[in-house]
Each structure stands twice: as structure tokens, then as C-alpha cells.
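K.L.:
One letter stands for each residue in the lines below.
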Amino acid sequence: MSSATARILPERRAEALARWNARGLPTRRIEEWKYSDLKAALGEAGVGAVVAEWLIGDLPFGIELFDLSQPDPPDWVLAQFGARADNAMSDASLALSAGGVALRVPAGFAPDAPLKLDFTGPGHVRALLVLEAGAALTLVEGAGAADFRNVGFEIVVGEGASLNHVRLSPAAPEAILVEEIGLTLAARALYTAHFANFGAKLSRVELEIALQGEGAAAHLSGVSVLKNDHADVTTHVIHAVGNTQSTQLFRHVAGGRSRAVYQGKVTVAKGADGADSRQTAKALLLGEAAEADLKPELEILADDVKCAHGAAVGDLDTDSLFYLRARGIPEAEARRLLLHAFLEDAIAEIADPHRATVRDAVNAALEGVA
Amino acid sequence: MLEIKNLHVSVGGKAILNGLTLRIDAGEVHAIMGPNGSGKSTLSYVLAGRAGYDITEGSILYNGEDLAAMAPEVRAAKGVFLAMQYPVEIPGVTTMTFLKTALNAQRRARGEPEMDAIGVLKSVRKKAATLNVSEEMLKRALNVGFSGGEKKRLEILQMALFEPKLAILDETDSGLDIDALRLVAEGVNALRSPERAMLVITHYQRLLDYIVPDRIHVLSAGRIIKEGGKELALELEAKGYEQIVKDAA
Numbered sequence: 010m011s012s013a014t015a016r017i018l019p020e021r022r023a024e025a026l027a028r029w030n031a032r033g034l035p036t037r038r039i040e041e042w043k044y045s046d047l048k049a050a051l052g053e054a055g056v057g058a059v060v061a062e063w064l065i066g067d068l069p070f071g072i073e074l075f076d077l078s079q080p081d082p083p084d085w086v087l088a089q090f091g092a093r094a095d096n097a098m099s100d101a102s103l104a105l106s107a108g109g110v111a112l113r114v115p116a117g118f119a120p121d122a123p124l125k126l127d128f129t130g131p132g133h134v135r136a137l138l139v140l141e142a143g144a145a146l147t148l149v150e151g152a153g154a155a156d157f158r159n160v161g162f163e164i165v166v167g168e169g170a171s172l173n174h175v176r177l178s179p180a181a182p183e184a185i186l187v188e189e190i191g192l193t194l195a196a197r198a199l200y201t202a203h204f205a206n207f208g209a210k211l212s213r214v215e216l217e218i219a220l221q222g223e224g225a226a227a228h229l230s231g232v233s234v235l236k237n238d239h240a241d242v243t244t245h246v247i248h249a250v251g252n253t254q255s256t257q258l259f260r261h262v263a264g265g266r267s268r269a270v271y272q273g274k275v276t277v278a279k280g281a282d283g284a285d286s287r288q289t290a291k292a293l294l295l296g297e298a299a300e301a302d303l304k305p306e307l308e309i310l311a312d313d314v315k316c317a318h319g320a321a322v323g324d325l326d327t328d329s330l331f332y333l334r335a336r337g338i339p340e341a342e343a344r345r346l347l348l349h350a351f352l353e354d355a356i357a358e359i360a361d362p363h364r365a366t367v368r369d370a371v372n373a374a375l376e377g378v379a
Numbered sequence: 007m008l009e010i011k012n013l014h015v016s017v018g019g020k021a022i023l024n025g026l027t028l029r030i031d032a033g034e035v036h037a038i039m040g041p042n043g044s045g046k047s048t049l050s051y052v053l054a055g056r057a058g059y060d061i062t063e064g065s066i067l068y069n070g071e072d073l074a075a076m077a078p079e080v081r082a083a084k085g086v087f088l089a090m091q092y093p094v095e096i097p098g099v100t101t102m103t104f105l106k107t108a109l110n111a112q113r114r115a116r117g118e119p120e121m122d123a124i125g126v127l128k129s130v131r132k133k134a135a136t137l138n139v140s141e142e143m144l145k146r147a148l149n150v151g152f153s154g155g156e157k158k159r160l161e162i163l164q165m166a167l168f169e170p171k172l173a174i175l176d177e178t179d180s181g182l183d184i185d186a187l188r189l190v191a192e193g194v195n196a197l198r199s200p201e202r203a204m205l206v207i208t209h210y211q212r213l214l215d216y217i218v219p220d221r222i223h224v225l226s227a228g229r230i231i232k233e234g235g236k237e238l239a240l241e242l243e244a245k246g247y248e249q250i251v252k253d254a255a
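Chains as they are written, first to last, in this note's numbering: chain A, 10 to 379; chain B, 7 to 255.
None of these hints come from the bench; they were simulated from the model. What you are looking at is a predicted structure, and each value in this text was computed from that prediction instead of being measured. Any given hint could turn out to be false.
To be verified - Pair ranges (Cβ atoms, derived):
1) B:T62 <-> A:G319: 41 to 47 Å
2) A:A373 <-> B:A135: 34 to 40 Å
3) A:T36 <-> B:K145: 38 to 44 Å
4) A:E376 <-> B:K145: 22 to 28 Å
5) B:P119 <-> A:D326: 28 to 34 Å
6) B:L240 <-> A:G377: 56 to 62 Å
7) A:E300 <-> B:K145: 57 to 63 Å
Cβ atoms here follow ideal geometry from the backbone N, Cα and C, with glycine treated the same way.
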């Protein structure tokens, strides 16, 4: 451990280290990790204790940045950093990484330009993003390939604040990329997120979203296009109070021997009346050996709620394929068109201008899959 | 243009066409009439190249080439068009995108230069107006939420756009009210030309009041059992299929 680690929030890191040492790597026996065998993927290399890197291109004016490897963190970092303590891999990044970035968007502030944040290199890294009341931000998160990287990301969306999050995970067939994102949303806070994943040896993003104030809403969507890879989106949305809303819409295309995973748990706490939650996940399997595991799950402890979920796994529709070919569109092009159409439901959820970015990335990925 | 000889076709091991013979030359409009289950749709799908239709005997020559050996997209590029009885709904692909993709795929296959978006749009708009296909329909996902009449009008719009050499219309009249039928028929008649052959497949005589064929073939149990001029439609209407089948036996 570096000396910086010792200065920043030593207690929280020490507690995380103790939990990590006691629990160790998550195994497939843990429900959330059932479809992602991290231990097997890592093999003897293990998780290590290397510090991964973060990169910010241009910091939009008005956003405060604190480098977590530096001493004397400001109060807003002290108040929020490392607050989450129930997730093994999040503990690992907290315990084993001395690096990372903390960002604050001051109350009522809404930068025009998006914030571009990339995680690169191997190892563990932490990030903290705080949107104060009434702030608004678009966060574009990118990822570089690495043998193994574990990102622990905490996001706090204050009262009436709004965060639009687009996460792009490029194809990285040799990489093991895991990320745990923990969010809290205050009253009337809005979180809109899209997760585009093009697969890795093991790629997993886990979101835990706590809707803690009335009127808070989280809208999640995502696509994965997998040639021969793995992608796991595991979400847990907690409607802690009433009159909160969540929607989730995920589409996966899995070719070759790919494995596409969506596990989405929605918990409606006791007394959280008026909660409204919808989840749909669909997957198209293109390869004989491709697999999709779609598992929406509801845990409802309140009385008056509106919750719906659905999941479907299928193949390309042969009638549609014939129709397009009978109009002169060659088979490969027709397949790509149908796959794109299948994914477009989820892509349509993304706000401009990033919709086009994701669409282009999806089209490029489909070239290799269809 | 089209020469079908002794065609036998099975679907899932079941014989549907049992020695069908038919010849259509350029400039001609032929109609195939027949009761349900006589093999009308099977014939249209075999001509368009749908999978699952096995030719067990006989041949289909299209301009002297073996049609059965061609992939569906190759047939389309060579000028074969099937206006389908049940046009498929494809969410996520707008009608305009579909038309442009299909048109340019055909042009590419023929070694013709592709048309740009504006060129396609102009061409589509001109044809859409006469078929009462609205701008809004072109922006919507292909056939999604279209009424029966809208779907059929879009099929004819495609026919007008692709300018096929051989157009096969499978039950184009089904689900249309009289106004829609007239509109569709006008669209089809506008495409009659000395270079183009058409095969109109229908259960009812009604459509043939509007698209008057040069020849009518009656299909029953997978074979042509009677042929004649346009007056045959009236005979069928008067006597019914059962009597015609009996007479032919």
C-alpha cells in the first residue's frame, strides 16, 4: 500500500480489506455471480493489487475533481467515499486500490459538454461522482482492454439532479472487466443509463440503485453484441420509498459460443406504495453453442405497486428473413438489418447525441457477428 | 419468360404440387384460380424461393435459367417479385430504409450504380402518391401497425419501385374493401407492359374484374385442371370450384 492510501479514509479501506480477506473472490454459488465464473477466468493470476488508471479528456468547466491518490480529501469525498459495504468486488477495489477519481457537480450546475471518463490498464480503481441538488450531467464512460480490471464506482444523485450515463465496453476477447456501480437517488432525482457491451473473456457490470427519495426514477437500457464472448449485466433496483419509478430494457445478440447474461432484481420495500417498475430482456441466439441467461426477478414487500417483467430468448425470425431476401437483400445483410432492428428498441432509449455513437458501434459489431 | 414443367413440390414431406405445367410470356397477365388448399400459395413461394419447399420433380425456367437453383435475393435482382399475401411486419426497420436497402441491393447485384437517399426518396414519393401511401407510412416501421389495405398498397408500391420482369401477386385482393381493391388494381394495371409478365393468384373472381387476365388456369390438388380466357372466371363464379373440378375429372 502506498502512503496515500494510509492517509485517505484509512478506516473504510481497512474495513473493506478485512471483509475481502474474510470473503474472498465471489464464486458461482453466489446468486449474483451464477453466470460469471470470475475465479475460473482469473485462474492463478488472481485479482492482484495493482492500481488501474482513469483518464478524463476535458474536464467540463465547473466540475470539481479530486485525485483519490492524493492526501487531504475534501469534505464531500469524506462524506461519500467508500460508503458501500456489501459487495465483494467493490470491497476489493476499495481495499486494494490506492487510486481513482472523485468528481463533484455543484448544486444547480449543468455543464453543456459531457464528461468523458475512461478506465484503462490492469488492476483496481475507484470512482466517485456526486451530483448535488439540481445538477445535471452526461457521463460517457469508456473502457480500455486489460488482462483484469475491477472498477468500483459510487454515484450520488442529489435532489432533483439528473445524470445521463452512457457506458461503452468495447470488444476485448482476452480481457476480464468487472465493474460495480452503486447509486443512490434522492427525491426527484433522475438516472438514465445505457450499457453497450461488445463482450470480453469475462465482462460484467453490476448496478445497485437505491431510489431513496419520492419521485426518483431510474431508466436503464442496454445492448450487447457478442461474437464469441461473455457479457453480464446484473442489476438490483431498490424502491426504498413510494412513488418511485424504474424501467429496464435490455437486448442481447449472442453468436458463436457467447454467453449473454441479464439478471435484474427489483425490490420494492415495505411501505413503498406507488412504486412502478418494468423490466424486459430479450436475447437472440445466433450460434448453436451460444447461451443467454435472462433472469428478471421481483421482490415486493409493499401493497400498492405496479410491476411487470418479461424475458424471451429466440432465433431470428425466418419469415422476416425470407421477406427481406425476396426483395433482393442478400442473406448476410438481411440478418444484420434484423439484428439491428432487434437492438434498436434499446438503442432508441439513449438520448442524442450518443444514440448515434452507440448505433455506429453496434452496426460495426454486427458486421462481425451476422 | 416463365416455363414451369411437370412441377412436383412437397412441404414437410407432403406433396402439394403434383405435376403443374405453366408457361407465361412477356407482356402477358395470367391468373391462377383455385380453392383453398389447391397449392396456390405453395406455387408463389416456390417461385420466390422460400425455404422448406422441396421440388421433387419437374423444372422451372425463368428466361431460360433454372430458377430453382437461385437464392431468393438473386431471383429478386433478376426481376422476380412476389407481392405477398401476408406481408411481414418488421419492427425497428423503417419502411423508407427498407425500400432504399432493397432497391440498392438489387441494383448492386445487377451491376448498376446505387441510388442516393434523395434519389430513392424522390422515386418512392412519386409512386407513393398514386397508391395513396402516405409520407407517415414511409416513416413507420415496415408494415407495423399497417391496416390490411396499407400493407397491400405497400406491396404494390414496391412492385412499382423495383420494376420487376415477372410479378407474382398472391391473394392481393384478400382483406381489401372495394375502394382499396380498385386502388391496388389500378396500381397493378399501370405496371402492365409488353416487357413484363404477371401471375395473379386468387381465390375469387372479383379481383379479375379489375385486373383482366389474358389467360386463366384453374388449380386443383396441385395441378392445372382447366385453362381458358378471361371468361373462365365468370364460369367459375357461376358454377363454383366443386363443379369445375367434377367436370374436369
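K.L.:
Which numbered hints are broken by the structure, listed smallest first?
P.N.:
Result: hints 3 and 7 break, sorted rising.
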